[in-house]
Amino acid sequence: MRDSTGDNASGNPEHGKIRSAVARLRLWAAPVTILLGIVVLWELWVQVWDIPKWQLPSPSEIGRELAASRSLLLEHTLVTLEEIILGFVAALTSGLVLATAIAYSRILERSVYPIVIASQTVPIIAIAPLLLIWVGYGIAPKVIVVALICFYPIAVNTVDGLKAVDPDMVNMMKTLGASRWQVFTKLQMPTAMPYMFSGIKVGISVSVIAAVIGEWVGASAGLGYLITYSQPLFLTARVFAAIVVLSAMGISLFVLASVVERMMLPWYYTEKRANSIERM
Amino acid sequence: MNKFIAALLLALGLLPVLAACGGSTAPTPQIETKVTSFPPVSVVLDWFPWSNHAGLFIAKDRGYFAAEGLDVDIHPPADPATILQTVATGRDDFGINYQTGVLIARQEGVPVVSIAALVQHPLNSVMTLKGSGITEPKDLAGKTVGWPGIPDNEPLLDTMLKSQGKSLSDVELVNVGFDLVPALIGKKVDAIVGAYWVHESISAINQGFPVNIMRMEQHGVPDFYELVLVTNEEKIKENPELVQRFVRAASRGYQDAIADPQGAVELLKRVRPEVDLAIESPGVDMLAPLWNSDQGVFGWQDEARWVEFAAWMQENGLLNPGSDVSSAFDNSFVAAGQ
Chain A
847 MRDSTGDNAS GNPEHGKIRS AVARLRLWAA PVTILLGIVV LWELWVQVWD IPKWQLPSPS
907 EIGRELAASR SLLLEHTLVT LEEIILGFVA ALTSGLVLAT AIAYSRILER SVYPIVIASQ
967 TVPIIAIAPL LLIWVGYGIA PKVIVVALIC FYPIAVNTVD GLKAVDPDMV NMMKTLGASR
1027 WQVFTKLQMP TAMPYMFSGI KVGISVSVIA AVIGEWVGAS AGLGYLITYS QPLFLTARVF
1087 AAIVVLSAMG ISLFVLASVV ERMMLPWYYT EKRANSIERM
Chain B
-3 MNKFIAALLL ALGLLPVLAA CGGSTAPTPQ IETKVTSFPP VSVVLDWFPW SNHAGLFIAK
57 DRGYFAAEGL DVDIHPPADP ATILQTVATG RDDFGINYQT GVLIARQEGV PVVSIAALVQ
117 HPLNSVMTLK GSGITEPKDL AGKTVGWPGI PDNEPLLDTM LKSQGKSLSD VELVNVGFDL
177 VPALIGKKVD AIVGAYWVHE SISAINQGFP VNIMRMEQHG VPDFYELVLV TNEEKIKENP
237 ELVQRFVRAA SRGYQDAIAD PQGAVELLKR VRPEVDLAIE SPGVDMLAPL WNSDQGVFGW
297 QDEARWVEFA AWMQENGLLN PGSDVSSAFD NSFVAAGQ
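First to last, the sequence lines map onto chains A and B.
For the first sequence, the residue numbers in the working numbering are 847 to 1126.
For the second sequence, the residue numbers in the working numbering are -3 to 334.
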């Protein structure tokens, strides 16, 4: 590999840096171009066809609204974010505990797992108004909706992860005298982690929608409330501004989950990178 | 790159043309085979069917629309917040919405026009439980009030409170969504605003909870039209004949309903079995007198009342100063029917 790059090495050490900068640029060029393309097309479409802003505001109109209502948006963003964080933590805790229990007990798997699956078929939008009546109009019903929706992908993926362990490895550890706890912490947990993080990433992405559903049926603050309040006032640009903030929130939470995953599973990523180099 | 731009412009230019072609070719054979001289008419209600819609269902069931050459489809809204938008874009030809909604919509450039008043007075009211001791707006001070999150309810309540020396800051508003009655009878809130005194009050009574009612127009709010029939500006300009025929047939339907309110809700029950007669039967007797104006005309809209209500909306920040009120309604279709 090195022999052919002899001139490169002798001539200019900067050459490699430039090359990696170009590679990085290429990595970013496609997503940025596509996003910009969509925005430009959208803007042109609205301008050329002179679409009234109550029907479809242009990106520039939405930008203006984002700037003009920034303090309003921030106030409601914090409320929604609080609901998401509380609901997600509840989902994560209960999801992991239940998944572990299901993975370890055949009785629980046969009795509780079907209920977990059934819970996902409950139309949350029908239950949400009742939650208000059961637990009141504060933050609680929104947190419950977020937890109900995020819980499922976390629990199901973790169960799959805990069951994905190679039985030969378990047997080997047992023959080497490992305790059940050691098998769990040294083998099953590390195996299940990538699955669990897949569940977490799915859960955290939908948590944003969950919070909006929770606010839709009755709230006094939050981005979902701001949307339902702005609609009868025909402030479509504000509706879109709130959606932009929600999307940004969803993407940020996803990135955050990915960063945590990378920090907790360094071995998984070095393996992955090695595999991808092989593929190339 | 130039090729790319050319392709882009071509795409932008062609798509709507293609869409227009698809739209205009499809319904043509349908029109030829039917006796009607008008394309099918779509009417979006303000809510699920209830006794207030009886006149429209009578006009359809007894053939009053058909007699005008209209093939009418009546359906509940996909979302109560987007009725004026679907009417403005022509997805629906006619719709039912609030007087406040029409004025706010026009300010934001949504080209809708009220062509008839459906209900001549406010139905929106403040309700409390009978035993609560809250019978006047001033009693609401320090209490929690459930509201449906629809913006105009805040100034309406504020005006009622101010008529007795209180204001919105004296109460705690709780957005309970559309489940107003459950919030009240579940004692989650002390009062509710946004509930109709000819409908929600009865559903509360039927659950075993008699209520106190505070009517808006009796507590400082200018008398307004709770619900109006709307269409869009283009329809009035391009096809006034269609609008005229629709208003005429709807008016016949409501005259029947006024003459026999119980017969009207029985017909409603027949065509929409999900309707609850335990609510609609007592409710329609209170509602029927509000369908005709003081002059005994269905749909009549009085300019002075529009102006006065718009002024109230401006005072309360619901409308910008200097909004054009006179083009928000068109009384000519009702007047022509006289």
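These are calculated hints, taken from the structure and not from any lab test.
As the structure is a prediction and not an experimental result, all values here were calculated from the model.
There could be a bad hint or two in this list.
Examples of chain B residues toward chain A, derived with CB under 10 Å [to be verified]:
hint : residue
1    : F44
2    : G97
3    : P107
4    : G145
5    : S159
6    : K162
7    : M282
Glycine is no exception: its CB is placed at the ideal position from the N, C-alpha and C atoms.
- [ ] Provide an ascending list of the numbers of those earlier hints which the structure does not satisfy.
- [x] 1, 5, 6 and 7
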